[in-house]
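Protein chains: 2
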Amino acid sequence: MIQSELSSKVENIAQKLELRQLVVIQFLVLISSKLRYTSRGLTRKLGLPQVHLYRLIHEFSDILEPKDVNIETKKDLTGEIANYAKKMLLGIKINQNAIKEMINKYQKNRPKPDRNLDQFNATMATTVKRVTKLASNGDLVGKEIAFLGDDDLVSIGVALTHQCKKITVFEIDDRLNNLIIQISQENNLNIEVVKQDLRQLIDKSHFGKYDLVFTDPPYTKGGINLFLNQAIKLIKKNFLGRIYLCYGNSDRAREREVEIQKLILDHNLIIKTKLNQFNKYYGAESIGSQSSLYILDWTPSTKTVELNFKKVYTND
Amino acid sequence: MIQSELSSKVENIAQKLELRQLVVIQFLVLISSKLRYTSRGLTRKLGLPQVHLYRLIHEFSDILEPKDVNIETKKDLTGEIANYAKKMLLGIKINQNAIKEMINKYQKNRPKPDRNLDQFNATMATTVKRVTKLASNGDLVGKEIAFLGDDDLVSIGVALTHQCKKITVFEIDDRLNNLIIQISQENNLNIEVVKQDLRQLIDKSHFGKYDLVFTDPPYTKGGINLFLNQAIKLIKKNFLGRIYLCYGNSDRAREREVEIQKLILDHNLIIKTKLNQFNKYYGAESIGSQSSLYILDWTPSTKTVELNFKKVYTND
Numbered sequence: 001m002i003q004s005e006l007s008s009k010v011e012n013i014a015q016k017l018e019l020r021q022l023v024v025i026q027f028l029v030l031i032s033s034k035l036r037y038t039s040r041g042l043t044r045k046l047g048l049p050q051v052h053l054y055r056l057i058h059e060f061s062d063i064l065e066p067k068d069v070n071i072e073t074k075k076d077l078t079g080e081i082a083n084y085a086k087k088m089l090l091g092i093k094i095n096q097n098a099i100k101e102m103i104n105k106y107q108k109n110r111p112k113p114d115r116n117l118d119q120f121n122a123t124m125a126t127t128v129k130r131v132t133k134l135a136s137n138g139d140l141v142g143k144e145i146a147f148l149g150d151d152d153l154v155s156i157g158v159a160l161t162h163q164c165k166k167i168t169v170f171e172i173d174d175r176l177n178n179l180i181i182q183i184s185q186e187n188n189l190n191i192e193v194v195k196q197d198l199r200q201l202i203d204k205s206h207f208g209k210y211d212l213v214f215t216d217p218p219y220t221k222g223g224i225n226l227f228l229n230q231a232i233k234l235i236k237k238n239f240l241g242r243i244y245l246c247y248g249n250s251d252r253a254r255e256r257e258v259e260i261q262k263l264i265l266d267h268n269l270i271i272k273t274k275l276n277q278f279n280k281y282y283g284a285e286s287i288g289s290q291s292s293l294y295i296l297d298w299t300p301s302t303k304t305v306e307l308n309f310k311k312v313y314t315n316d
Numbered sequence: 001m002i003q004s005e006l007s008s009k010v011e012n013i014a015q016k017l018e019l020r021q022l023v024v025i026q027f028l029v030l031i032s033s034k035l036r037y038t039s040r041g042l043t044r045k046l047g048l049p050q051v052h053l054y055r056l057i058h059e060f061s062d063i064l065e066p067k068d069v070n071i072e073t074k075k076d077l078t079g080e081i082a083n084y085a086k087k088m089l090l091g092i093k094i095n096q097n098a099i100k101e102m103i104n105k106y107q108k109n110r111p112k113p114d115r116n117l118d119q120f121n122a123t124m125a126t127t128v129k130r131v132t133k134l135a136s137n138g139d140l141v142g143k144e145i146a147f148l149g150d151d152d153l154v155s156i157g158v159a160l161t162h163q164c165k166k167i168t169v170f171e172i173d174d175r176l177n178n179l180i181i182q183i184s185q186e187n188n189l190n191i192e193v194v195k196q197d198l199r200q201l202i203d204k205s206h207f208g209k210y211d212l213v214f215t216d217p218p219y220t221k222g223g224i225n226l227f228l229n230q231a232i233k234l235i236k237k238n239f240l241g242r243i244y245l246c247y248g249n250s251d252r253a254r255e256r257e258v259e260i261q262k263l264i265l266d267h268n269l270i271i272k273t274k275l276n277q278f279n280k281y282y283g284a285e286s287i288g289s290q291s292s293l294y295i296l297d298w299t300p301s302t303k304t305v306e307l308n309f310k311k312v313y314t315n316d
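So the sequence lines, in the order shown, correspond to chains H and C.
Using UniProt numbering, the first residue of the first sequence is number 1, and each one after it goes up by one.
Using UniProt numbering, the first residue of the second sequence is number 1, and each one after it goes up by one.
It is worth saying that the hints were derived from the structure and are not from the lab.
Just to be clear, a hint being listed does not mean it is correct.
Heads up, the list lumps identical chains together, so a pair's fine if it works in one copy or across two of them.
Unchecked claim - The list that follows gives simulated cross-link-like pairs (lysine-lysine, DSS-like), each with its CA atoms no further than 30 Å apart:
#, residue 1, residue 2
1, Lys100, Lys34
2, Lys129, Lys74
3, Lys272, Lys310
4, Lys112, Lys45
5, Lys108, Lys272
6, Lys108, Lys221
7, Lys237, Lys16
8, Lys45, Lys105
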């Protein structure tokens, strides 16, 4: 079995079972390792419910040793599969320095944050941390990613990994759009930039086209609600559809964040992960210069909701 | 200024401002370090909104250099304060091996999980990880902690750190209660054990007495709702009141977890942190042998809610 054959097999099975490719690759690492795993062991190692593990085993039955208590690859395939899986894992590693250098190179061209658009620049470390988190969650390889606003230039960091299938930035601020286009062209990053006021309808040709949407929206109820609605329109309607949402407020205004969390759940998105104080900013001292990262997963009942809030940006 | 004086000063200010002692100690580390911080720098480093930082500065004004752009301790106090703060931080470090050894020592005495009580044993690594997380969140030093059920013996791990003021286990299973009492007595851990069916009223003398409640309840709507109600009765009604809640379900039954998250927010608790697949178990293969850890903070509108669900344990 040649590498390209394995590669497309992994891609197809991941797509069919609606699993991240990273999980499928981790499965291959385990079944081709010298340690021998039962299905129970694999369940625990992968954190994959038994039912999904069985589906995975079924899909890969042609490369597995039949009738064994341990789930193992056929002897003559073990080396090849182990090599492929390890190589894939290595390829997922992020070159953090390359991202820092690239953003540093264009630092002087970056526009001053526009407070009317609730722009606050995240620190360089935060931009890198976001890309690293996307990678470790299996959210880069083969993915189509949209950014709703991108004053932190995360799209550049993501593009530099050369792991995604497609990157689109929807941004209202022409100063940022021009900068991202410039960086993209000068470095062959192939980022698509769409000038978009997110208070307006997004062109329908983009609907349901993205595995993932990343956004650090205005921190008002209206802003969160509007950006979530737009994100939900953009994501593919399957178990891989995911939204990364940044949101912060003062620790003493907790009831405000409870309202935001209720809004998120009104959309029937699941709060898969919430990392407190994940993002750091220059400025934004009233909220401790930090915000949380929410990772929101699509559910079969995920929906857009009516916009009851007139205020989107803080100054509206 | 002697160490005991500093120590009680820190304790009092933390209590007055409703901040974790760990944050106050980190503040002291920064202002007594050779690096010089402006209030902006401190805000970013501590993740503390500016308003709270100013309150902290105000409370410590007697040890601070007056009229300086940088926030610094008075020259003659710097050494003493730096030593105190570093010693405190060191004291917070967890001896993971001691916890493992202790639980191993009593491993043979542990009762078999009772499925009628939805017991599933977490792995040893998970018990240690929970204690470590409590410590790094500043949730051990000087705290009064309650466990609603404790088949994973986290109370033992917590007691071994000797950082808490009080530890109480509310548990229905006498086999566990006897084991915890035995371990506590043989090792002077001073754990209070209360035999408690959590479907029944908890004695009012415990209400509002705990900074923190830890629970890995039955994963039904009724179970989550009931245990949250009990936890809310037990916690102190201030900004330090916090609940650690474990919950897991299959990744394909996402709508079920959305319902659980809505339940949490019905209590007007804030989901401060949610760590996906934090806990690992022996068994529980249908949910991938893993569950999430929710860290829920009190808000001024936190409340108990009516119990609309008859089913508490899965077999009810």
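>> For each hint given before, does the structure comply? Return the numbers of the non-compliant ones in rising order.
In response: 2, 5 and 6
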